[in-house]
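As they're listed, the protein sequences go chains B and Y.
Under this note's numbering, residue 414 is the last one in the first sequence; the count climbs by one each step, no gaps.
Under this note's numbering, residue 1343 is the last one in the second sequence; the count climbs by one each step, no gaps.
No lab work stands behind these hints, which were simulated from the structure alone.
Where hints are given, some of them may not hold.
Not close to chain B: a few residues of chain Y, all C-beta gaps over 10 Å, as computed [what the hints assert, rightly or not]:
1. Leu1110
2. Pro1122
3. Arg1129
4. Arg1154
5. Ala1165
6. Val1233
7. Ala1299
8. Ile1306
Using 20 Å as the maximum straight-line C-alpha spacing, the simulated SDA-like pairs for lysine to any residue come out as follows [to be verified]:
9. Lys130(B) - Val1121(Y)
10. Lys132(B) - Gly1031(Y)
11. Lys175(B) - Gly262(B)
Which chain B residues stay away from chain Y? Per the calculated CB distances, all over 12 Å, these [claimed, not checked]:
12. Ala78
13. Glu145
14. Ile213
15. Glu298
16. Pro382
C-beta atoms are modelled at their ideal positions from N, C-alpha and C, and glycine is treated no differently.
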Amino acid sequence: MKRKAAVSAAVLSAGALLLSACGQGGPGSDGGAISDDKLVLAVLNDQSGVYKDLSGPNSVKAVEMAIADFEEKHGDDAVTSEIEVVSADHQNEPDVANTKAQELYDRELADVILDVPTSSAALAVANQAKTKQKLFINVGAATTELTGEQCNKYTFHWAYDTYMLANGTGAAVTKEGGKNWQIIYPDYAFGQDMENSFTAAVEAAGGTVGGTIPTPFPNDNFATFLTKAAAKNPDVIGTMQAGGDLVNLVKQFNEAGLADKGIELAVGLMFITDIHSLGVEQFAGTSFTDAWYWNMDEESRAWADRFLEETGTRPSFAHAANYSAATQYLEAVQRAGTDDADAVVGELEGLEVDDVFLRNGEIRAEDHRVIHDAYLARVKSPEDVTEDWDYEEIVTTIPAEEAFRPVEESGCSM
Amino acid sequence: MSNDVTSGATAHLDLPTDDVHVSATTPRRSGLRWLLLAAGLVVALALPWFIYPPIAMDIACWALFAISLDILLGYCGLLSFGHAAFWGGSAYCTGLVAVHYGVPFPVAVLAGMLFAMLIAVPIGYLSVRATGIYFAMVTLAFAQMIYFIANQWRDVTGGENGLQAVPKSFFGIELVETESFYFYYAALPMILLGMWAAWRIVHSPFGRVLVAIRDNAPRARALGYDVETYKVVAFVLSAGLAGLAGGLFAISHGFVSLQEVNWTTSGKVVLMAVLGGIGTLWGGVVGAGFIVVLEDYMASSGFEGIGIVTGSVFVVVVLLFRRGIWGTLAHHLGRRRQAGTRD
Chain B
1 MKRKAAVSAA
11 VLSAGALLLS
21 ACGQGGPGSD
31 GGAISDDKLV
41 LAVLNDQSGV
51 YKDLSGPNSV
61 KAVEMAIADF
71 EEKHGDDAVT
81 SEIEVVSADH
91 QNEPDVANTK
101 AQELYDRELA
111 DVILDVPTSS
121 AALAVANQAK
131 TKQKLFINVG
141 AATTELTGEQ
151 CNKYTFHWAY
161 DTYMLANGTG
171 AAVTKEGGKN
181 WQIIYPDYAF
191 GQDMENSFTA
201 AVEAAGGTVG
211 GTIPTPFPND
221 NFATFLTKAA
231 AKNPDVIGTM
241 QAGGDLVNLV
251 KQFNEAGLAD
261 KGIELAVGLM
271 FITDIHSLGV
281 EQFAGTSFTD
291 AWYWNMDEES
301 RAWADRFLEE
311 TGTRPSFAHA
321 ANYSAATQYL
331 EAVQRAGTDD
341 ADAVVGELEG
351 LEVDDVFLRN
361 GEIRAEDHRV
371 IHDAYLARVK
381 SPEDVTEDWD
391 YEEIVTTIPA
401 EEAFRPVEES
411 GCSM
Chain Y
1001 MSNDVTSGAT
1011 AHLDLPTDDV
1021 HVSATTPRRS
1031 GLRWLLLAAG
1041 LVVALALPWF
1051 IYPPIAMDIA
1061 CWALFAISLD
1071 ILLGYCGLLS
1081 FGHAAFWGGS
1091 AYCTGLVAVH
1101 YGVPFPVAVL
1111 AGMLFAMLIA
1121 VPIGYLSVRA
1131 TGIYFAMVTL
1141 AFAQMIYFIA
1151 NQWRDVTGGE
1161 NGLQAVPKSF
1171 FGIELVETES
1181 FYFYYAALPM
1191 ILLGMWAAWR
1201 IVHSPFGRVL
1211 VAIRDNAPRA
1221 RALGYDVETY
1231 KVVAFVLSAG
1241 LAGLAGGLFA
1251 ISHGFVSLQE
1261 VNWTTSGKVV
1271 LMAVLGGIGT
1281 LWGGVVGAGF
1291 IVVLEDYMAS
1301 SGFEGIGIVT
1311 GSVFVVVVLL
1321 FRRGIWGTLA
1331 HHLGRRRQAG
1341 TRD
């Protein structure tokens, strides 16, 4: 008897719940120009792991700076006075990024998600943006897929990508006389992409790639790979390692005294925070492509000074790019007079813009790649460093239209 | 607790898994069990009203995954440290079937589940010969092989970029396909079916034999049971349930990442099962709910040391409540009741 009663109770309550569930409608919408009467900018990035320093919590600060500047500039004419920043930690895990992105759009009412380093996480968020029809401006990830085959109407790629890095360093170093290359790369998607792009860039610039050496990833001991590369007497050894692997490789490059043998080291991807953590003496003389450098001109320096006041540290290019992306998003909302995603996308597409981060910038309508001037940088010698974080010397400026992958090669169809 | 009637009132040994023995039950106890089941069902149905629906779905998937592991760990005494191979293997298979054939998601999940069972046959056959730490290491090794295949076979799996844009096709019912709230209710029956299957497995004569093998394998062999075959079958069934959970997880997220086949996923599910209490089935549900909610909360709170917290909780539970959260609860309730009926 008891058993029967319990079962029927369970079935009844289950039925009741299901019935009431059907009554619940979809997400609410209202007719106002600004949805939910406020603008919400969400920063989704690594707040606790390996990418914390190069972007992380300080990118949230950069977005807050952008909002403060926007409010100051437009005052009472601003499209709304209710602008918020929310942030979440994706721990560099695509699963977490995927869930958090949904949550930010649905529960936190985010109108745009910014940053998202780690390619797999970025691609997951791009898919959510497409499904939810809300904006996603990627800053921190490197994959060209975002503006390639997996591009979509609501996703923009702001700061850099693998093509830009390879093309910048590969072509520029070759033109400067480093004709004969050996490339060492970590054997996974990022490394393979970089290796392909570098080889193409070096050969297009008239150089030759004598050999490419895959290494395990992650890896600590690069001595054998470096010896193998150096045995061919190249002008340049290009490394596509990043983060901790890069630090190890550079240490071992120095210990082997390869620089004294006239071999130059070119790095695929490096952030100023990498130089800061290992020390400028380890990297001295290394060439790499930078999307922006805080001390490259007066305008950048002025902004970097404000950033220093806010955070106690100098900005990486990712911080500046987040500021730039937030600013241009807010300006687009202001011009459109609404935060409706399609209207804002319309305002952003094809926009030619200059700001503290974007020089000769253009938001390409065809693939949503944001192109801008890039820079070939060289790490200073310790004796040339005059102040904290004064690590880079800009060797050449790579014009925006040469720095990024041409539209016709992107394979993007929206 | 100290003045409780404990000594001698029960013949149970101080095993974390003593719940297994109490199948021949009094009517009173069976009533309580049904009540518990009803309460569990109500919680399962009410979950997306209180918790963000995608998170609720994560809890359901991880709960079934932890239960599948518990079949091996709690009832066979085999610690599989490679269950991510079946969860992730099924996730990829489900994702590929859904992407390329656009079939309704239950069909894709079923395909993923079958795939998980298929790869479990050779893996199980080769690993059940080992026990203890060796079994854990062999399963880990196989899982790493699956991981490397998934990583290297980029054309199919997308490498570490993952398999993107997995659709939630469901007979053209748009609410289910786009709203995670309704998707939860569409997917829940499969999860519950999987849990019911797990319950049937461990409470069948087959399950009794597994427990006998766990407690004393030579004796079970002497009684004429083919120990290895029993273990392989349990392994494959467990992999199937893990695959069911992994497939639904992939559909729910709309993509499959390399994380699903990574060893950290194997570790996480062991953590959940042990935290909740092994050999109880319910423990997996409790452990999964606890960990998923905790991680979600901490990712939003801006607190950095997620690993520190889950690690500390784990240490505390293992040191103070060796039976896990649910196991400890059930143990004390069981003793009370038993003491009551005997008096």
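Now the hints, each set against the structure:
Its beta-carbon lying about 22 Å from the closest one in chain B, leucine 1110(Y) satisfies the requirement of being farther than 10 Å from that chain. With a cut of 10 Å on Cβ distances, proline 1122(Y) stays outside the contact zone with chain B, its closest approach being about 27 Å. Distance to chain B confirms arginine 1129(Y) as a non-interface residue, since its nearest Cβ pair spans about 31 Å, more than 10 Å. With a least beta-carbon separation of about 7 Å from chain B, arginine 1154(Y) fails to lie farther than 10 Å from that chain, contradicting its non-interface assignment.
Not every C-beta of chain B lies more than 10 Å from that of alanine 1165(Y), the closest at about 6 Å, which undercuts listing it as non-interface. Distance to chain B confirms valine 1233(Y) as a non-interface residue, since its nearest Cβ pair spans about 31 Å, more than 10 Å. Separation of alanine 1299(Y) from chain B is inadequate, the least Cβ-Cβ distance of about 5 Å not exceeding the 10 Å criterion. Some Cβ of chain B comes within 10 Å of the Cβ of isoleucine 1306(Y); the nearest lies about 7 Å off, and the non-interface call is violated.
Of the supplied pair hints, the one linking lysine 130(B) and valine 1121(Y) is violated, its CA atoms being roughly 40 Å apart against a limit of 20 Å. Between lysine 132(B) and glycine 1031(Y), the direct Cα distance comes to roughly 46 Å. Violation of the 20 Å bound is thereby established for this hinted pair. Between lysine 175(B) and glycine 262(B), the direct Cα distance comes to roughly 17 Å. Compliance with the 20 Å bound is thereby established for this hinted pair. Distance check on alanine 78(B): its Cβ is at least 27 Å (rounded) from any Cβ of chain Y, clearing the 12 Å threshold; non-interface status holds.
Some Cβ of chain Y comes within 12 Å of the Cβ of glutamate 145(B); the nearest lies about 7 Å off, and the non-interface call is violated. In this structure isoleucine 213(B) is separated from chain Y by more than 12 Å, as the shortest Cβ-Cβ distance comes to about 18 Å. Distance check for glutamate 298(B) against chain Y: the nearest CB is about 35 Å away, which clears 12 Å, and the non-interface claim stands. Chain Y leaves proline 382(B) outside its interface by the beta-carbon criterion, the shortest separation being 32 Å against a cut-off of 12 Å.
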